[in-house]
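**Student:** So you can see what is in the structure, the chains are spelled out below.
Number of protein chains: 2
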Amino acid sequence: MDIVSQHRSFGGVQAVYSHPSNTCGCEMRFAAYLPPQAADRDVPVLWYLSGGAEGFDAAVARAGFQEHAARRGLAVIFPDVAPRGDSVARCGTAADDLGAGAGFYVNATRDPWRPNYRMYDYILHELRGLVLDHLPLEDRHGITGHAAGGHGALTLALRNSEMFESVTALAPVANPTSSEWGRRQLSTLLGSDETTWSVHDATLLLDELGWKGDILVDQGGDDAFLDLLRPQALAATMARRRQPGQVRIQKGYDHSFYFVNTFAGDHVQWHAERLN
Amino acid sequence: MDIVSQHRSFGGVQAVYSHPSNTCGCEMRFAAYLPPQAADRDVPVLWYLSGGAEGFDAAVARAGFQEHAARRGLAVIFPDVAPRGDSVARCGTAADDLGAGAGFYVNATRDPWRPNYRMYDYILHELRGLVLDHLPLEDRHGITGHAAGGHGALTLALRNSEMFESVTALAPVANPTSSEWGRRQLSTLLGSDETTWSVHDATLLLDELGWKGDILVDQGGDDAFLDLLRPQALAATMARRRQPGQVRIQKGYDHSFYFVNTFAGDHVQWHAERLN
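Protein chains in written order, with the UniProt record's numbering: chain A, 1 to 276; chain B, 1 to 276.
In short, the hints are calculated from the structure, not lab data. Check the hints yourself; a few may be wrong.
Each pair may be met inside one copy or between any two copies, as identical chains are not told apart.
In the SDA-like style, the derived pairs of lysine to any residue whose C-alpha atoms are separated by at most 20 Å in a straight line are [claimed, not checked]: (1) K212 to L124; (2) K251 to P36; (3) K251 to D40; (4) K212 to Q246; (5) K251 to D223; (6) K251 to S18; (7) K212 to P20; (8) K251 to F225; (9) K212 to T196; (10) K212 to R114; (11) K212 to L275; (12) K212 to H19; (13) K251 to G11; (14) K212 to E162; (15) K251 to G265; (16) K212 to D40; (17) K251 to R8; (18) K251 to A39; (19) K251 to E54; (20) K251 to E194; (21) K212 to G129; (22) K212 to V13.
Hey, can you work out the whole structure from these sequences and the hints?
**Tutor:** So this is what it looks like as structure tokens:
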């Protein structure tokens with residue numbers, strides 16, 4: 001695991017690392033923020049999954065998690081959103097709106113993406129093991145994310161509740177099997193057999209499995225992508241199932257990082273109260 | 001004055017505006033953050049001048065001023081760093097390290113930059129008048145900035161103490177007449193007569209004029225550009241002149257926005273205490 005860059009930030013360190021990934025069959029990068037408390041002891045981990053349209057760089061620079069993580073004593077791990085490199089088939093472009101590096105936090109089963117697009121296993125197993133081995137982290141985890149990353153956070157946590165103590169999401173892709181965009185993403189990576197899709201749909205998973213704790217979801221009321229995000233499906237399922245938690249529609253906010261960093265402090269606090 | 005974009009942010013609005021500038025002879029853009037308090041009353045203004053290597057966009061996205069300005073009830077105006085457009089001679093490139101849009105917050109006296117590169121007059125007079133006319137602002141002003149923008153903040157305030165109540169700077173170009181990079185910038189825009197340079201050197205201005213209040217300067221201890229910034233010249237002059245204020249060398253911090261946003265809260269608080 002090599003250090004690509006590091007910067008002092010709010011008394012801690014914001015770093016980018018590179019490592020060879022067996023799961024993805026290529027060199028992978030990720031970012032990690034270690035708060036000042038990590039100089040003296042292991043700290044719990046908050047996973048932040050980025051949206052599909054950008055790599056982790058944008059979230060590291062703009063989501064504003066460092067200040068709050070420093071105050072609350074959490075590390076933040078920012079995985080990349082897709083495998084990279086000349087040997088990796090490119091899936092999705094900015095033009096077809098699947099995102100320039102569309103991994104959608106699944107293990108792809110269709111060629112040519114099958115060998116490399118294994119972000120689900122990569123994050124849950126390989127990267128989790130790597131950071132626990134190499135960084136001063138407690139084996140206690142929360143997970144959040146924005147847009148497609150919110151989808152990733154919810155689906156990874158719901159399917160693996162023993163691996164996470166807390167889950168939140170910001171403008172998540174909440175019900176992709178029922179949106180045109182989500183169906184395109186799932187059929188591209190998993191093929192046309194829709195029975196394989198439901199384990200990657202937060203609303204269907206919540207309906208089937210529930211969640212052991214409470215859930216926080218924030219959604220901008222002026223988000224231009226409400227049709228593809230479908231927060232109403234998740235909110236209805238939470239209410240019908242009596243799932244503890246809250247879906248907050250935030251008046252006037254859009255889908256941008258101005259929305260994400262406005263509520264970053266609430267999400268870090270939520271996780272800190274459940275991890276510490 | 002046209003709205004280019006606007007986003008809800010921390011209960012206020014982060015907008016970008018465009019307007020024709022008589023001073024610069026071209027269309028100019030700037031960004032403005034209006035805190036939630038501006039919905040009910042006029043609020044004081046904090047000017048944030050960006051470094052020469054980037055436009056205002058990077059600071060708007062990454063400096064993290066919105067959260068603190070919302071808490072303290074200040075507007076933040078982010079002017080651009082140079083005139084723009086096809087009719088404007090390009091001054092400086094990333095390659096020659098004068099910055100891709102080098103205006104250096106002076107009124108240029110050399111051709112071909114003389115007609116458009118008038119950022120000093122533009123900010124102090126045209127833009128100040130424009131925002132006071134069109135936005136819910138009190139006519140009370142503080143000013144700060146990063147790198148070349150810190151130079152701009154200090155030099156504009158020191159020369160126009162009746163126009164600003166407070167001044168701070170983050171890693172400012174503090175003594176450009178004595179650094180190789182600063183001398184290149186000044187000779188490019190103002191010519192080789194060094195007697196015209198001293199009114200654009202914060203250290204020389206402070207020595208001559210002092211400042212009516214106290215001054216806050218933050219400087220990363222691991223900044224790679226200490227030779228061109230020369231904080232030691234400013235610190236020595238402040239101490240010799242018994243100028244109230246503080247120059248803080250921040251251990252481990254570099255020149256990046258990770259440094260700027262770590263200390264953004266301190267600077268906004270400093271100005272709020274002197275403006276409110």
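**Student:** Checking each numbered hint in turn, tell me which of them this model violates, lowest number first.
**Tutor:** 6, 7, 9, 10, 12, 16, 19, 20, 21 and 22
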